[in-house]
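A.B. asks: Sequence:
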Amino acid sequence: MSPKKLDANFYQRSDVVQISRELLGKVLCTQFPGQPLTSGIITETEAYCGRNDKACHANDGLRTKRTEVMYRAGGVAYVYLCYGIHHLFNIVTNVKDKADAVLVRAVEPVNGIDSILDRRNATKLKPAITAGPGRLTQALNITTDYTGIDLTGDTIWIEDRDKTISSKQIVSSPRIGIDYAGDHAKRPWRFCISESKWISK
DNA sequence: CATTTGATGTTCT
DNA sequence: GAACATCAAATGC
112 MSPKKLDANF YQRSDVVQIS RELLGKVLCT QFPGQPLTSG IITETEAYCG
162 RNDKACHAND GLRTKRTEVM YRAGGVAYVY LCYGIHHLFN IVTNVKDKAD
212 AVLVRAVEPV NGIDSILDRR NATKLKPAIT AGPGRLTQAL NITTDYTGID
262 LTGDTIWIED RDKTISSKQI VSSPRIGIDY AGDHAKRPWR FCISESKWIS
312 K
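Okay, so the first sequence: first residue is 112 according to our numbering, each after it adds one.
All the pointers check out, no bait thrown in.
The calculated DSS-like cross-link candidates involving lysine-lysine, where the alpha carbons are at most 25 Å apart (straight line), are:
| hint | residue 1 | residue 2 |
| --- | --- | --- |
| 1 | K165 | K209 |
| 2 | K312 | K235 |
| 3 | K297 | K165 |
| 4 | K209 | K297 |
| 5 | K312 | K274 |
| 6 | K274 | K115 |
| 7 | K312 | K279 |
| 8 | K237 | K274 |
| 9 | K165 | K207 |
| 10 | K176 | K209 |
| 11 | K274 | K308 |
| 12 | K279 | K297 |
| 13 | K165 | K176 |
| 14 | K312 | K237 |
| 15 | K308 | K297 |
| 16 | K308 | K279 |
Don't read these hints as lab results, they were simulated from the structure.
Remember, predicted model here, so these are calculated numbers, not experimental data.
Given these sequences and hints, build the entire structure.
C.D. replies: Following this line, the structure appears as structure tokens:
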């Protein structure tokens, strides 16, 4: 089986938690002009729901310039700047006006490792290179310039390379760094591949 | 090892 | 002005 790019039908389903689980083991790819293909297996995700979820930027229909892209139909990127420094990569899901998204927190490098090391200013491959939401975007050269980009296009996309992750390999836990969300912070909407070392702490 | 702190843009109060 | 879906470097054991 050849690699298969995930299409709009995958992203526009309504269950963002289910999509988060299915994204584990898929391959996030970036290809920029004049640069080699870089990619990594998704090893850690978090689900954010636009309704009744205080942890989500677009909770309860909140619209700002920044969150507007989350209201689009699924299959586009939501890239946003955190703490003024880090670019965080999210996948917008669900249909138009339903502001759900999946945050990708960690990947395991596959293609273009030399470029990844170069972008991260490192010489040796280790989990700290791409395990962490701010790290993987730097490794794959994703910036806020690409917010709203079509994930079925040829710049940033996700492939199914027939690596299957069984439900036994998936560990769920509370989401990270969102204590301000009260009770919602405890929801087990963070998903990791249990045997992978490429997981943020 | 663990803990603290500086960097820093967007959004909300 | 404060808070925030973070990271890396510096400091303290």
